[in-house]
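Colleague: Protein chains in written order, with our numbering: chain L, 81 to 194; chain U, -12 to 97.
No lab work stands behind these hints: they were computed from the structure.
One or more hints might be untrue.
Claimed, not checked - Under the rule of at most 25 angstroms between Cα atoms (straight-line distance), these lysine-lysine pairs were calculated in the DSS-like manner:
hint	chain 1	residue 1	chain 2	residue 2
1	U	Lys38	U	Lys57
2	U	Lys84	U	Lys57
3	U	Lys38	U	Lys96
4	U	Lys84	L	Lys151
5	U	Lys44	U	Lys23
6	U	Lys84	L	Lys137
What the hints assert, rightly or not - Just so you have them, the derived chain U footprint on chain L, three or more residues with Cβ under 8 angstroms:
hint	region
7	113 to 122
8	130 to 142
9	182 to 190
Where is the CB? At the ideal position from N, CA and C, for every residue including glycine.
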Amino acid sequence: DTGVSQDPRHKITKRGQNVTFRCDPISEHNRLYWYRQTLGQGPEFLTYFQNEAQLEKSRLLSDRFSAERPKGSFSTLEIQRTEQGDSAMYLCASSSQTGYTEAFFGQGTRLTVV
Amino acid sequence: GQQVMQIPQYQHVQEGEDFTTYCNSSTTLSNIQWYKQRPGGHPVFLIQLVKSGEVKKQKRLTFQFGEAKKNSSLHITATQTTDVGTYFCVTTSNTGKLIFGQGTTLQVKP
């Protein structure tokens, strides 16, 4: 297992289009997180799964964002009707469920909305 | 909701100087994790502190957790150019969410 992988690494899309990103966590990790990061800012929480259950979703997100984690394995993050303000790095992280453990981040998907 | 405030936002030092970043919360924290993000990279875990007054060292890096578990610091002795990056303090909410501080970006002049 080589760690958390995200696909694609880069995505350029036109405003109004839908985009979907994929995250493959470390195989034995139960927890999976999605964060968004813009230049010069810290990661901003989007949503969090424990196995296949979506436990929390940021109230900052509009209904255009949705995430799934079928069967508790990989996860997808979809953004509908993209806006220029959605341009950011989308980071996925995973961790084991036991206590407080470190999170492993993927290299991210950089989204540019033109 | 729970927040962690981190200062300073930026720090420029001459190579060989020391560097410290501070993390504070108005509420008691369950834990503090520290991550480093290199320019163009993703956050990488450095260490976790869970006990009141805990101090941990990694070579030139010293991490402290306050007695009241409301603050933490990361101190780098004799900075090197390889220390460049943004350092984040992170805590875990009672629901398991990772809460990030704003980060301190360190620049080191050779």
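Colleague: Within the assertion that chain U covers the region 182 to 190 of chain L, do at least three residues meet a Cβ-to-Cβ distance smaller than 8 angstroms?
Modeller: It holds, with 7 qualifying residues against the three required.
Colleague: Please verify whether U/Lys84 and L/Lys151 have alpha carbons no more than 25 angstroms apart.
Modeller: 20 angstroms, holds
Colleague: Checking one constraint from the list: CA of U/Lys38 to CA of U/Lys57, max 25 angstroms. Satisfied?
Modeller: 11 angstroms, holds
Colleague: For the region 113 to 122 of chain L, count the residues whose Cβ lies under 8 angstroms from any Cβ of chain U; is that count three or more?
Modeller: Since 5 is at least three, the answer is holds.
Colleague: Between the alpha carbons of U/Lys84 and L/Lys137, is the straight-line distance 25 angstroms or under?
Modeller: 10 angstroms, holds
Colleague: Take the C-alpha atoms of U/Lys44 and U/Lys23, compute the straight-line distance between them, and say whether it is at most 25 angstroms.
Modeller: Judged against 25 angstroms, a Cα distance of about 15 angstroms means the pair holds.
Colleague: Is the straight-line distance between the alpha-carbon of U/Lys38 and that of U/Lys96 25 angstroms or less?
Modeller: 35 angstroms, violated
Colleague: Check whether the Cα positions of U/Lys84 and U/Lys57 lie no farther apart than 25 angstroms.
Modeller: 18 angstroms, holds
Colleague: Are 3 or more residues of the region 130 to 142 of chain L near chain U, judged by a Cβ distance of less than 8 angstroms?
Modeller: As far as the region 130 to 142 of chain L goes, the hint holds, because 3 residues have Cβ atoms under 8 angstroms from chain U.
When the structure is compared with the earlier hints, a violation turns up for hint 3 alone.
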